[in-house]
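Enquirer: Sequence:
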Amino acid sequence: MKKANLKPKHYRGRFAPSPSGELHFGSLLAAMASYADARSQDGQWLLRIDDIDQARIIKDSDKHIIESLEQCGFQWDEKISYQSDSIENYNKALEQLIKIDLSYPCSCSRAQIKMLSENGVYPGTCRDRGIEHNIDNSATNYAIRIKVPSETIIFKDKIQHLCRQNLAQEVGDFIIFRRDKVFSYQLSVVVDDYLSQITHIVRGFDLIDSTARQIYIQQQLGYPLPLYAHIPLAVTDKQIKLSKLSQAKKIDSEIPTLVLAAQFLGQEVGMDKDYDNIADFWQHLCQIWDIDKVPKKEKIETLN
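Position in the sequence shown (from 1) plus 10 gives the number in our numbering.
Since the hints were derived computationally from the structure, they do not count as laboratory data. Treat the hints with caution; some may be incorrect.
Now the in silico label distances, taken between C-beta atoms and shown as ranges [what the hints assert, rightly or not]: (1) Glu77 <-> Lys124: 35 to 45 Å; (2) Asp282 <-> Asn101: 46 to 56 Å; (3) Asp216 <-> Gln51: 16 to 26 Å.
Cross-link-like lysine-lysine pairs, in silico, DSBU-like; alpha carbons within 30 Å at most [what the hints assert, rightly or not]: (4) Lys102 <-> Lys89; (5) Lys309 <-> Lys283; (6) Lys69 <-> Lys166; (7) Lys102 <-> Lys157; (8) Lys157 <-> Lys109; (9) Lys309 <-> Lys73; (10) Lys89 <-> Lys283; (11) Lys306 <-> Lys166; (12) Lys124 <-> Lys89; (13) Lys89 <-> Lys73; (14) Lys124 <-> Lys157; (15) Lys191 <-> Lys166; (16) Lys102 <-> Lys191; (17) Lys191 <-> Lys109; (18) Lys73 <-> Lys191; (19) Lys124 <-> Lys191; (20) Lys283 <-> Lys306; (21) Lys168 <-> Lys309; (22) Lys69 <-> Lys168; (23) Lys168 <-> Lys157; (24) Lys102 <-> Lys69; (25) Lys303 <-> Lys166; (26) Lys309 <-> Lys124; (27) Lys89 <-> Lys69; (28) Lys89 <-> Lys191; (29) Lys166 <-> Lys307; (30) Lys306 <-> Lys168; (31) Lys191 <-> Lys69; (32) Lys168 <-> Lys89.
If you're wondering where the values come from, they're calculated on a predicted model, not measured in any experiment. For glycine and all other residues, C-beta sits at the position ideal for the given N, C-alpha and C.
Based on the provided sequences and hints, a complete structural model is requested.
Expert: Spelled out as structure tokens, the structure:
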């Protein structure tokens, strides 16, 4: 079993929304938790726009997200980065994985995988295939997967505590470069976080299942491992996650919304009338922020 553990000297956190809609309450929670955790430890906080999947992008939504964050009082420490500017970096990481014989092409369709695997775990059908190094060849119709061993990856989540996953048994060899010529989320965020020297990742519980895969890629590329914390998801009364796909409404920048978000995260903030302005709210929240008080749950129902 491989245990992932890192004690970084300097805190560098980030928030990385996808430009597929407006900033909603669920996104605000992730932004607030990562921001307050960084500022409470005199750390830096970065903003990255995860726009690598062009098919999901809604025009100008990145601008709207940035405007909403500014109106809510968030302040980032460096220039905003965009995944679309890092394709060359992802390519280099992929080439590194190819050179150490950890990657292979896969032409299996979802229907074929479903037919061969009852639990959805990729059965390794194409594992013994060689690979072409020219991934820009549009005539090739395959994805690229990374080989995983039958070992359990263990990591300590700062909110959800000890987590473990055997990638071979629960996921199988997974895709790092899609057949539509888009780098996978798992590979791209690992490279981005490494190049930005991110030490702490605070995000929603829906991404906890991706963590072991990202740790595995980090280990194979020789990257340092960040610390992880996954906050509970905000869901509707029908237990549907608040998201752009579920048409969650855009947040406003009023103090009551920020107070509600902080309370959702278990923080002992005052009433909205206790704050003269948004800066006053943030100063107080970052002073009293305690990640140990964030509910250790997968999801919490909210009216937003």
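Enquirer: Now tell me, hint by hint, if it's right for this structure.
Expert: Checked hints:
1. Glu77 and Lys124 have their C-beta atoms about 42 Å apart, which keeps the hinted 35 to 45 Å range intact.
2. The hinted window of 46 to 56 Å between Asp282 and Asn101 holds, with their beta carbons roughly 48 Å apart.
3. For the pair Asp216 and Gln51, the supplied restraint of 16 to 26 Å holds, since their beta-carbon distance comes to about 25 Å.
4. With a C-alpha separation of about 23 Å, the suggested pairing of Lys102 with Lys89 holds against the 30 Å cut-off.
5. About 28 Å separates the Cα atoms of Lys309 and Lys283, which keeps this hinted pair within 30 Å; it holds.
6. For the hint pairing Lys69 with Lys166, the CA-to-CA distance comes to about 38 Å; that exceeds 30 Å, so the pair is violated.
7. Between Lys102 and Lys157, the direct Cα distance comes to roughly 18 Å. Compliance with the 30 Å bound is thereby established for this hinted pair.
8. Distance check on the hinted pair: Lys157 and Lys109 sit about 13 Å apart at the alpha-carbon level, within 30 Å; holds.
9. As the CA atoms of Lys309 and Lys73 are separated by approximately 29 Å, the hinted pair is consistent with the 30 Å bound.
10. Simply put, Lys89 and Lys283 have alpha-carbon atoms about 34 Å apart, too far for the 30 Å limit, and the pair is violated.
11. Restraint check: the Cα-Cα separation between Lys306 and Lys166 comes to about 13 Å, which is no more than 30 Å; the hinted pair holds.
12. A C-alpha spacing of about 43 Å is found between Lys124 and Lys89, which places the hinted pair above 30 Å, so the restraint is violated.
13. With a C-alpha separation of about 14 Å, the suggested pairing of Lys89 with Lys73 holds against the 30 Å cut-off.
14. Under the criterion of a C-alpha separation no larger than 30 Å, the hint pairing Lys124 with Lys157 is consistent with the structure, at around 19 Å.
15. A hinted pair counts as satisfied when its Cα atoms are at most 30 Å apart, and Lys191 with Lys166 does not qualify at roughly 34 Å.
16. At roughly 15 Å between alpha-carbon atoms, Lys102 and Lys191 fall within 30 Å of each other, so this suggested pair holds.
17. This hinted pair checks out: Lys191 and Lys109 have alpha carbons roughly 19 Å apart, not beyond 30 Å.
18. Restraint check for Lys73 and Lys191: satisfied, since their Cα atoms lie roughly 26 Å apart, inside the 30 Å limit.
19. With a CA separation close to 22 Å, the supplied pair Lys124 and Lys191 stays within the 30 Å bound.
20. Pair hint Lys283 plus Lys306 holds up; C-alpha atoms about 29 Å apart against a cutoff of 30 Å.
21. Proposed proximity of Lys168 and Lys309 is supported: the alpha carbons are some 16 Å apart, at most 30 Å.
22. Restraint check: the Cα-Cα separation between Lys69 and Lys168 comes to about 35 Å, which exceeds 30 Å; the hinted pair is violated.
23. Taking the CA atoms of Lys168 and Lys157, the gap is near 28 Å; set against the 30 Å cutoff, the hint holds.
24. The suggested pairing of Lys102 with Lys69 holds, with an alpha-carbon distance near 29 Å, which does not exceed 30 Å.
25. Distance check on the hinted pair: Lys303 and Lys166 sit about 16 Å apart at the alpha-carbon level, within 30 Å; holds.
26. A hinted pair counts as satisfied when its Cα atoms are at most 30 Å apart, and Lys309 with Lys124 qualifies at roughly 29 Å.
27. About 21 Å separates the Cα atoms of Lys89 and Lys69, which keeps this hinted pair within 30 Å; it holds.
28. Note on Lys89 and Lys191: the hinted pairing holds, with a Cα-Cα distance of about 27 Å set against a maximum of 30 Å.
29. For the hint pairing Lys166 with Lys307, the CA-to-CA distance comes to about 15 Å; that is within 30 Å, so the pair holds.
30. Taken as a hint, the Lys306 and Lys168 pair is honoured in the structure, with Cα atoms around 10 Å apart against an allowance of 30 Å.
31. Restraint check for Lys191 and Lys69: satisfied, since their Cα atoms lie roughly 21 Å apart, inside the 30 Å limit.
32. For the given pair, Lys168 sits about 28 Å from Lys89 by alpha-carbon distance, which is consistent with the 30 Å threshold.
In summary, the numbered hints that this structure violates are 6, 10, 12, 15 and 22.
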